[in-house]
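Q: So you can see what is in the structure, the chains are spelled out below.
2 protein chains.
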Amino acid sequence: MNIPLIKEIMTLSPEGQTVIIRGWVRTKRELKHLVFIEVNDGSCFKNIQCTFDLSQFTDQSISEQLAEVSTGVSVEISGKLVPSPAAGQPVEVTASSISVIGKATAENYPLQKKRHSLEFLREIGHLRARTNTFGAVARVRSRLAFAIHEFFQHRGFQYVHTPIITASDCEGAGAMFQVTTLDLEALAKSGKAVDYSKDFFGKRSYLTVSGQLEAETYATALSRVYTFGPTFRAENSNTTRHLAEFWMVEPEVAFAHLEDNMELAEAFLKHLFNVALTDCREDLEFFNERIQQGIIETLDSVVNSKFTHMTYTDAVKELEKNAGAFEFKPYWGCDLQSEHEKYLTEKVAGGPVIVTDYPKEIKAFYMKLNEDGKTVRAMDVLVPRLGEIIGGSEREERLEVLENRIKELGMNPEDYWWYLDLRRFGTVPHAGFGLGFERLILYVTGMTNIRDVIPYPRAVGQADF
Amino acid sequence: MNIPLIKEIMTLSPEGQTVIIRGWVRTKRELKHLVFIEVNDGSCFKNIQCTFDLSQFTDQSISEQLAEVSTGVSVEISGKLVPSPAAGQPVEVTASSISVIGKATAENYPLQKKRHSLEFLREIGHLRARTNTFGAVARVRSRLAFAIHEFFQHRGFQYVHTPIITASDCEGAGAMFQVTTLDLEALAKSGKAVDYSKDFFGKRSYLTVSGQLEAETYATALSRVYTFGPTFRAENSNTTRHLAEFWMVEPEVAFAHLEDNMELAEAFLKHLFNVALTDCREDLEFFNERIQQGIIETLDSVVNSKFTHMTYTDAVKELEKNAGAFEFKPYWGCDLQSEHEKYLTEKVAGGPVIVTDYPKEIKAFYMKLNEDGKTVRAMDVLVPRLGEIIGGSEREERLEVLENRIKELGMNPEDYWWYLDLRRFGTVPHAGFGLGFERLILYVTGMTNIRDVIPYPRAVGQADF
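Which chain is which? The protein sequence lines are L and P, in order.
The first sequence begins at 5 in my numbering and counts up one residue at a time.
The second sequence begins at 5 in my numbering and counts up one residue at a time.
Worth flagging that the hints you see were computed from the coordinates, not collected in a lab.
For clarity, every value in this text was computed on a predicted model and none was experimentally measured.
You may find that some hints are simply not true.
One copy or any two copies: either way a pair holds, since identical chains are not told apart in the list.
What the hints assert, rightly or not - Using 16 Å as the maximum straight-line C-alpha spacing, the simulated EDC-like pairs for lysine to aspartate or glutamate come out as follows:
(1) K107 with E80
(2) K325 with E293
(3) K32 with D419
(4) K107 with E72
(5) K84 with E12
(6) K84 with E343
(7) K351 with E68
(8) K346 with E127
In isolation and in its complexed conformation, chain L is listed as follows (with noise of 0.2 Å):
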C-alpha cells in the first residue's frame, strides 16, 4: 500500500531515484542486450517502460526471470526512474532486478498482444479489465460516478438508498423481476394456487424500475435529495441500448419548478463533461482516437454551449417542416424519435436541447398538468450524436389533480397512499430527473454496445460471473 501506483511515479521528477513497480506485463520486446518491458497497473491508461540493460548485470539469474515474462504476467520490478527519451512518456525505469510473481503462459491466456474483437472479450468479462479499452472504461465510469456525488454533495443534496427490493409497481415503467423464496421445483409440482404468505416478504415482490418516488419522501423533507442506485427492467428486448440492470441517477428537488430543473441538468451535465475532459483526458484521448472520432469535440461543445429550450409543440413545428427526412412522421402527439431527437440538436439547435411540456398521454402521471389540460411539465435533455440523455419533469403537487390524474389511467389511488399523503401534508412544488448512468458512460467514451460500459452486464439469457 506504500508503494506508489504507476500513475503517481509517472508525475514524478525523474532523478534517478528507486522505484519501485508492480504490476502486470502488457508487452516484452527485445533488442540485442536490451530487454524492454511495459507494465501496466490500472492505476492510469499508460504504461511504464523498464529497460533491462543485460550486459550491466553479473548475475545471470536475471535471464532466467526474464525469460518468464511474456503478456499477463504479474510482476515486481525495481530500478531507477530516469526522464524517457521515447515520444508519449515522460518516465521510464533503469531496471535493477525483476521478480515474477504470478505467470501466465502464451498458449493459456486469452488476453495477447493483439487486438480482440469486442464479442470474444464480452466472453471474458473477468479478465477484459486487463485491457486498454475497458480499462478505460472502468477509469471514466469510477471518476464520473464520484463526480455525481461531488457535484450533488457540494450543493447541498443528501444521497438517499431508496430500496431495491418493492413491493409496488407504482412507476408502473414497464415489465419487472420478480423477488421470491418460494422453492419453485416445490410449487411447479404441487399443482396448487401460490400462496403468498409462504413467500419472504408475505406478498408478490419485484426488483425497483425507479427510486422517483421514495425519493420525492426524502425530497419533501430534507428539501435537495438524490439517489444513485441499480434499477431493473425485465424487458424482452436483445438490443445494444438495454441491460436488464442498470444504475440511475434521480436528483429530487422541494420548492423546484420546471426552469429550476432545467438549469440543474445542464449544469449536471457540464459539470460531468468537464470533470471526464479534465481527469480522464488520456483515457478520453484513446476513445477519441480509436474508438470514436469526434467525442471529445462533442463534449467541448456542450460545456461551453448554452442549451436551447423549446416546448415540444414548438419541436414538432420544426420537425414537421422537415418531415420528408424522417421514417416515423413526426404529428403533435407523437413520442419523439431517435430521428426527431438528433435532427433537433444537431440540425435546428447546433447543440443540446431541452424539450419540455409534453403531451400528457405520452408521459408519467406523476408529471405536473399545465393549465392548458393537455400538456404536462415534462422535460427531456437531447444532446448531439446520442438524443435523450435525462429526463424529468416538475411533479404534480396537488393532490386532487394528482388522484384525478390516477384514476384517467385506471389506477388505483389506495395503492399510493403514501405518494399521496405527500400531498395531503405540507405539500411543495417539487421536481427531478433520470439519468442513465450507462448511457452518460456510453456518449462519454463512444462505445456503442451498452454491454461494454458495466463490469458485468445483465440482458435477456446472460447472467454470467
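Here the structure of chain L is known, so what remains is to put chain P in place on it, guided by the hints.
A: Below, chain P alone, put in the same frame as chain L:
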C-alpha cells in the same frame, strides 16, 4: 434553487438583509402580539426561528395566513436576518410576509409536536425523515456514504459496480433470493418441472450476497478497487441487527497482504469517524444527548487510538482466562460471540482490536491458508460497544491451494472457473474487507434497531413503500 438552504442562512452574518425561508413548520408559539414559527428544511438539524410582530403589520391578511400555520405546513417566509437573542441559534428572522404553500391539518397529520415511538414512525416510513431523529440519520448516512467515496477515490481506488443479479452462489454466504420472470401462478398450476430455459436469464438467478469475487477480478486489473452497493440475505431472522437488503462496502487491493489490509481498515474507520465528528457535529450532539450517551466520546477515542493487533489464538487465550464470565464458553475453534468481542475491546485492549489468523473451519474458502495449515489470514476489526464492524482477509492467490480448499469443502472447482483464472493468469497477493454500511451508521448514531438507519428497511414480511 437560487434560494439558500437554511443550513447556509444559519452561517450568514446577520445584518438585517432580506432572506427567504422555505421549509416545513415544526412549531408555532404565540405570545401577545408576537408569533414565533420555527421552520426546518432538512438541510441541517436546527430550525430557524421566524418572528412575526403583529403590531407592525397593517394588512390584516397576515392573521389569516398565520391561522393556517400548524406543524407540518409548508411555508415561504421572507424577512430580515437578525442576530438571535435566544441561546443555541445564531440568527433569526424578523418576518415581513408568509405564504402557506401546503397545509397539514392537525387532525390528520400524523407527526404532531410530541415524541413519537420509533415503532410508530416505522409505519410511516414516507414521513419519518421529517422528524429530528430520522432527519439526522439521513444526513449522517449521506455524509458517510460520500466520505467512503472520498476516502477511496483520493487513494487511487476505482469504484466498481459489481452485479446485483447473479447466476452463481459463489460465496455460499447464506440464503439467497431468487429472481425470476416466470409466471408463478401458471407454474404452480402446471404440475410440471420448472423449465429454466423459459426464465429471463435462461437459468436460476439470484440476488447477490457480496460483490467480493467480482471485485477481485477488477482488483487484478486495476490494482485498487472498491464496491459500494446493495447486497441481500434471505435469512428468516427477525432481529434488530439483520436486514434482507443492506449496503456493503468492499475494497480489494492487489499486491496487498494482511498487514496492508489492517492498515487500510484502521485508516478507513478513522476517516469515517472523523468526518462524522466534524461534519455531522450537530446531528451527533443530538444522538449523544437523546439517543445514546457517550457516542461522541467513543468515536473520539477510536479516532485517537492505535488499533491493537491480536491473533485469534491469543484472543482465545485471553478469553479463557475469564471463561466463567461468558454465556458461551470460549475454546480454540469457536466462533467469537458478541460477548467475547466486547470483552476483547473493552476489557483486554481498552480500544479497537483487529483479530487475525482464525481457524480455517470458521472462515470462507477464499482466505489465504497460513503455513500451519490450520489457520487463515482473516481479520475481524472489533470496536468497543459493537464488536465486529469489518471482516476481511488476504485472499488465497495460489491456484493449487485454492483448488484443494474448494474440493475439501465439497464445492465444484468448475463453478469457480473464472475466479480460479485470476490465479492461473498473473496471480498476485491481494486482500480486502467488507463493511456493512448500516452497522456503521448504527455505531455512529447510537441507534439500536437497524431498521431505523436505512430509509425503507426490508425484512421478513416487510417490503412496504
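Q: Can you name, in rising order, the numbers of the hints this structure does not satisfy?
A: Result: hints 2, 3, 6, 7, 8 break, sorted rising.
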